[in-house]
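Student: Each chain is listed here by its residues.
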Amino acid sequence: MTREELISLVATLVPDMKPGANKQYPEVIVTAAQLHELAIALKKTPETTLDYLFCETAVDRKDGFHMIYYVSSSVLHHSLMIRVVIPDKLNPVIPTVSDVWRAAEFYEREIFDLFGIKFENHPNLKRIFLDDDWVGYPLRKDYKDTFTIER
Amino acid sequence: MEDTVVDIDLKEKEEYIINMGPQHPSTHGVLRFETCLQGETVKYLIPHCGYIHRGIEKMSESLTYPQLIHLTDRMDYLSAHINNEAVSLCVEKAMGVEVSDRVKYIRTILAELTRIASHQLWWSAFGMDLGALTTFFYGLRDREKILDIFEESTGARLLQSFITPGGLMYDVHPNFQKRVTEFVKYFRKKLPEYDQLLTDNIIFRERTQGIGYMSLEDAIEFGVTGPSGRGSGFHCDIRKIEPYSAYPLVKFDEITFDVGDTYHRYLVRMKEMWQSLSIIEQLIDGIPQGPIMLELKAIKAPKGEYYQRVETARGELGVFIVSDGAPSPARIHYRTPNFSNLFIINKISAGHKIADLVAISGSLDLVIPDIDR
Amino acid sequence: MESYQLLTLFITAVVLVGGAITFSYYAAPYKPGIVKSEPYECGIPTEGPTWIQFHVGYYLFAIIYLIFDVETVFLYPWAVVMKEVGMPAFIEALIFLTILGLGLLYAWKKKALIWE
Amino acid sequence: MGIEIKSMAYEDFNDNEALEELQKSGSGVFMSSLESLMNWGRSNSVWPLTFATSCCGIEMMATGGSRHDFARFGIEVYRASPRQADVIVVAGTIVRKMAPVLKRLYDQMADPKYVIAMGACAVSGGPFYYNSYSVIRGVDQVIPVDVYIPGCPPRPEALLYGVMQLQRKIKARSSTKEVMPEPIQKQKETVEPVMPISESAPSTQATPPQTPAP
Chain G
97 MTREELISLV ATLVPDMKPG ANKQYPEVIV TAAQLHELAI ALKKTPETTL
147 DYLFCETAVD RKDGFHMIYY VSSSVLHHSL MIRVVIPDKL NPVIPTVSDV
197 WRAAEFYERE IFDLFGIKFE NHPNLKRIFL DDDWVGYPLR KDYKDTFTIE
247 R
Chain P
-13 MEDTVVDIDL KEKEEYIINM GPQHPSTHGV LRFETCLQGE TVKYLIPHCG
37 YIHRGIEKMS ESLTYPQLIH LTDRMDYLSA HINNEAVSLC VEKAMGVEVS
87 DRVKYIRTIL AELTRIASHQ LWWSAFGMDL GALTTFFYGL RDREKILDIF
137 EESTGARLLQ SFITPGGLMY DVHPNFQKRV TEFVKYFRKK LPEYDQLLTD
187 NIIFRERTQG IGYMSLEDAI EFGVTGPSGR GSGFHCDIRK IEPYSAYPLV
237 KFDEITFDVG DTYHRYLVRM KEMWQSLSII EQLIDGIPQG PIMLELKAIK
287 APKGEYYQRV ETARGELGVF IVSDGAPSPA RIHYRTPNFS NLFIINKISA
337 GHKIADLVAI SGSLDLVIPD IDR
Chain D
-8 MESYQLLTLF ITAVVLVGGA ITFSYYAAPY KPGIVKSEPY ECGIPTEGPT
42 WIQFHVGYYL FAIIYLIFDV ETVFLYPWAV VMKEVGMPAF IEALIFLTIL
92 GLGLLYAWKK KALIWE
Chain S
-1 MGIEIKSMAY EDFNDNEALE ELQKSGSGVF MSSLESLMNW GRSNSVWPLT
49 FATSCCGIEM MATGGSRHDF ARFGIEVYRA SPRQADVIVV AGTIVRKMAP
99 VLKRLYDQMA DPKYVIAMGA CAVSGGPFYY NSYSVIRGVD QVIPVDVYIP
149 GCPPRPEALL YGVMQLQRKI KARSSTKEVM PEPIQKQKET VEPVMPISES
199 APSTQATPPQ TPAP
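Protein chains in written order, with our numbering: chain G, 97 to 247; chain P, -13 to 359; chain D, -8 to 107; chain S, -1 to 212.
Fair warning: there could be bad hints in the mix.
[As the list claims (entries may be wrong)] Here are the simulated EDC-like cross-link-like pairs (lysine to aspartate or glutamate), alpha carbons at most 20 Å apart as the crow flies:
1) Lys176/P / Glu130/P
2) Lys131/P / Asp67/S
3) Lys140/G / Asp204/P
4) Lys158/G / Asp310/P
5) Lys289/P / Asp159/G
6) Lys22/D / Asp109/S
Please keep in mind that the hints were generated in silico from the structure rather than gathered at the bench.
Pulled out of the complex, with its shape left as it was, chain G reads as follows (with noise of 0.2 Å):
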């Protein structure tokens, strides 16, 4: 399926959903409880069967976390990218996508581990690469710790 027409399906199943600016992949943003039945919708659909969870991360920006899901189908070789943005810094919570796309699990648990994004009804939400006492974010911009020499 061509951009138009898989933004315009996504219209269709989310109806106030926003097209993005990227130039590469058609774009959709949608909102975070709208997120978890429109991922169903993707994979369930014959004509998107997008089944192949590529990339998710998160990006901190100034008006809250973006969460960015690339998403392609295996048998129809399209993509779309899915944006979900998180306003609340403090307390950032969205849904998880684990039981749509296995493979969101571990990408979950690292940006929960980076980012410290809470996941609902994630299965096993544990910090991945970091030790479990460890104290606050990496990847956040305002990390701060005595450890690492700036430069």
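Guided by the hints, dock chains P, D and S onto chain G, whose structure is given.
Tutor: Using the frame of chain G, we list chains P, D and S on its own:
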């Protein structure tokens, strides 16, 4: 009346937890498998990583774009050129510039040479995992030939930092073309030796066939790409899906098998070496002349988000750059192949013996600093 | 003359082995430590007790293998002298083998060879 | 392929004066011929532990390969367990989560034991010295190091030269009588940053969590 042996040992059936810990010959680095064993069979397995987490993504936020390549080739050090090529392509895509054909040819030849060198080292380590020490000497003997070519052109054997955003650090050595053709001719005679030594070896087949079955759905669900995913029929070769550099100009086929056991993940890599040799042969004689570095005032990515997918020796590497127009990225995320290839190991090795677990983790070809970044 | 050779052989064996052990006992630097005496498990403190009961099948397989391994060791010297001794040696070997065969049958019947 | 390793006579090897004085001035006790015989034996069969965390491990494997053969210098085989290893070649970056594991491995090695810090990451944190929140800047903060090998990754010949230096160091001191040097615990109170950071107090060096001394 006669209590058979099987009834006596009801009490001894409980499991115990053994750490195939950070310092273990078969985890190829500092990765800890917390395996719950019952007797010799693995009940379940929890991989713990983070023993080599150096915080490269946080460091990259304070480095300029040309400095990034010195960290990316230390992530997956066995596909150093391909990692640097990924960052360079992403920055060039951000700046909207295009490198000359000469650079594209040289980048693709170096990438395929790196893929062969990486598969050679994987092959020697995989043989040693299963107890065959000879593969170590065969594999490293031929790999030294490639390292000599890298050293002559780029100055370093393993981590070259040669491909930079905007082109190449400097031009290749004058007899680069002669030595690469020499190597290809030499290696075409040596590769059948690898097959005689391991592929047709009945003990090796007994140890790897039917072990660690990974279904196609699992491969897609867990995002297992590269030779490990293609062993189960997952068509994920980025050189075919989103061709970059000189890949549109060459003809090669994507090796996939639908069986999905350890032996077929092994076969994918062996056949990929032949494909890499033919790619190099198609390119090596036609390297065009041209500038090797673009004249750019400053390497700065304009404001926006960019994503570049590249096929490394282990799978799909994605570089995601968020830039505010500053010389250093506001955020950079590396979608590394090993991170996704690792976590399926629990699903495919449950129920196997612990010796099979060593074969399965060897067939996944994990490089641990690529997992932890 | 015969006994002297045996005696010297025996003495040099004892001297060599004893000397090696005592020399290394005195020459090696001995620094015990708490962590050094703990079991080694890839650099991680072990979880739970390390002296745990294994499945009994391992022990049975090992013992049965040992019996027939020692049996073959006995057959080697027998094979060397069998030609000079002739028929009586052959019959003795048969008796020896049948006794051990009975042992195998007993283990088989007791299902010691079945891996659960 | 045109790269020969130039051989070096043993005599003109004394570019490292410190070791020479240590040998001439004697390590406080007359090194009996039995002592030097044992040191000769120990130095020529130093078995390393298979301990490689990142890229330097690949160069260590290449050194073990058939071209830059380690076994010519007595490093016959890589032992998998610290019980049977003499030297621990720290090849790669050590991060804060790995430091207690390395300390435990070092403690569980049988004496006499030696440490080679291979690569810039093990020597001083290497490319990850600045801006990394988890890399230990130098292995000598965790375990006492005998030989430092710079390079990122060091060439196999550099590793061989480092091993030769270790062998000379073993021969120069008697390891039975003298107590092994305690680890150089660099309790760095303040780290003098190369460039003064804007705010006044320089960042104190939080040493990694130490396992309790035995």
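Student: Please flag the earlier hints that this structure goes against, numbers listed from lowest up.
Tutor: none
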